[in-house]
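Start from the sequences, fold in the hints, and give me the full structure.
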Amino acid sequence: MKLHESTDRIERQILLRASRSRVWRAISNSDEFGAWFQAKLEGPFAAGATTRGRVAIPGYEHLKIEMTIERMVPESLMSFRWHPYPADPETDYSSEPTTLVELHLEEVEGGTELTVTESGFEGIPLARRAEAFRMNDEGWAGQLENIAKYVES
Amino acid sequence: MFAALGDENRLAIVASLCAQGPLSITRLAAGSSVTRQAVTKHLNVLEGAGLVRGIRRGRERIWELEPQELEVAHRYLDQIAQRWDAALGRLKKFVEEN
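Protein sequences appear in the order of chains A and B.
Position one of the first sequence corresponds to residue 1 (my numbering), numbered consecutively onward.
Position one of the second sequence corresponds to residue 1 (my numbering), numbered consecutively onward.
No lab work stands behind these hints, which were simulated from the structure alone.
Mixed in with the good hints, there may be bad ones.
[Claimed, not checked] From chain B, some residues computed to sit far from chain A (all C-beta separations above 12 angstroms):
| hint | residue |
| --- | --- |
| 1 | S16 |
| 2 | Q20 |
| 3 | G21 |
| 4 | L23 |
| 5 | S24 |
| 6 | R27 |
| 7 | G31 |
| 8 | T35 |
| 9 | Q37 |
| 10 | K41 |
| 11 | E47 |
| 12 | I55 |
| 13 | G58 |
| 14 | E64 |
| 15 | A81 |
[What the hints assert, rightly or not] Listed next, with one range per pair, are the computed distances between beta-carbon atoms:
| hint | chain 1 | residue 1 | chain 2 | residue 2 | range |
| --- | --- | --- | --- | --- | --- |
| 16 | B | A19 | A | P74 | 40 to 50 angstroms |
| 17 | B | E47 | A | S19 | 48 to 58 angstroms |
| 18 | A | R52 | B | A3 | 26 to 36 angstroms |
Yeah, the Cβ is synthetic: ideal placement off N, Cα and C, and Gly gets one too.
See the structure below:
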């Protein structure tokens with residue numbers, strides 16, 4: 001996975017040994033997306049529509065997810081907006097800035113290259129960053145790493 | 001705060017302060033095409049974002065980095081990037097085995 005460092009965006013890349021249409025299905029089908037992303041999502045993805053759900057990691061099922069889909073270009077690009085940190089059910093995040101996540105698919109030798117770009121971190125308030133670190137202290141990031149190791153072993 | 005860094009002149013100022021330690025506006029403007037006035041404006045934006053602070057030294061003010069803010073920004077982005085790494089790892093297993 002490649003890393004491009006910047007001050008306001010994140011980019012990650014991964015080679016998947018699967019066909020473009022297989023990868024597209026895993027990304028564009030909300031049930032499949034939820035299966036690997038670890039979220040329980042209500043209803044399909046559709047451009048212009050918002051799909052809601054919750055984190056499906058044990059101990060964190062109270063955290064909400066809300067994805068507003070922007071573009072769905074079959075087998076090529078899916079983009080959506082959300083809040084990059086899990087939402088506290090007591091807090092109203094509707095006025096806060098969202099980030100844009102873009103998932104690009106490209107057919108390459110050996111399979112499909114997926115590039116994830118998340119941008120729009122400008123304007124994220126200090127309080128939210130502190131909250132993200134608190135979640136880290138509570139082991140969320142560590143939890144994800146453990147799960148990744150488990151499923152990859 | 002990320003917006004404060006999203007300008008190449010401001011990034012250059014941060015880089016200079018990082019490499020050379022505290023500097024005056026004169027030193028920051030020297031050897032570049034940016035005017036003292038522009039440097040001052042950029043420093044004010046960076047100060048407003050908590051990234052630098054000015055200290056009085058004799059007649060002049062010198063400017064130094066407040067590294068904590070930058071670290072907070074980097075750590076936050078690192079964290080989100082790590083979350084993506086973990087999720088992409090699970091996606092890989094998901095599509096390669098189903």
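Consistency of the hints with the structure:
For S16 (chain B), the non-interface assignment is confirmed: its Cβ lies about 16 angstroms from the closest Cβ of chain A, beyond the 12 angstroms cut-off. Residue-level check passed: Q20 (chain B) sits 20 angstroms from the nearest beta carbon of chain A, beyond 12 angstroms. With a least beta-carbon separation of about 21 angstroms from chain A, G21 (chain B) lies farther than 12 angstroms from that chain, consistent with its non-interface assignment. The claim that L23 (chain B) is not at the interface with chain A holds, since no C-beta of that chain comes within 12 angstroms of its own (minimum 21 angstroms).
The non-interface label for S24 (chain B) is consistent with chain A: the shortest C-beta to C-beta separation is roughly 25 angstroms, beyond 12 angstroms. Distance check for R27 (chain B) against chain A: the nearest CB is about 24 angstroms away, which clears 12 angstroms, and the non-interface claim stands. The claim that G31 (chain B) is not at the interface with chain A holds, since no C-beta of that chain comes within 12 angstroms of its own (minimum 24 angstroms). Remark: the non-interface label on T35 (chain B) is consistent with the geometry, its nearest Cβ contact in chain A lying 24 angstroms away (cut-off 12 angstroms).
A cut-off of 12 angstroms between C-beta atoms confirms that Q37 (chain B) is not in contact with chain A; the least separation is 25 angstroms. Annotated as non-interface, K41 (chain B) keeps its C-beta farther than 12 angstroms from every C-beta of chain A; the closest such distance is 18 angstroms. The Cβ of E47 (chain B) sits about 15 angstroms from the closest Cβ of chain A, beyond the 12 angstroms cut-off, so the non-interface label holds. Every CB of chain A is more than 12 angstroms from the CB of I55 (chain B) (nearest about 23 angstroms), matching its label as outside the interface.
With a minimum CB-CB distance of about 33 angstroms to chain A, G58 (chain B) clears the 12 angstroms threshold, and the non-interface call stands. The non-interface label for E64 (chain B) is consistent with chain A: the shortest C-beta to C-beta separation is roughly 19 angstroms, beyond 12 angstroms. The non-interface label for A81 (chain B) is inconsistent with chain A: the shortest C-beta to C-beta separation is roughly 5 angstroms, within 12 angstroms. A C-beta distance of roughly 48 angstroms is found between A19 (chain B) and P74 (chain A), which places it inside the suggested range of 40 to 50 angstroms.
Checked against the hint of 48 to 58 angstroms, the pair E47 (chain B) and S19 (chain A) passes, with Cβ atoms roughly 52 angstroms apart. Checking the proposed 26 to 36 angstroms range against R52 (chain A) and A3 (chain B) shows it holds: the Cβ atoms sit about 29 angstroms from each other.
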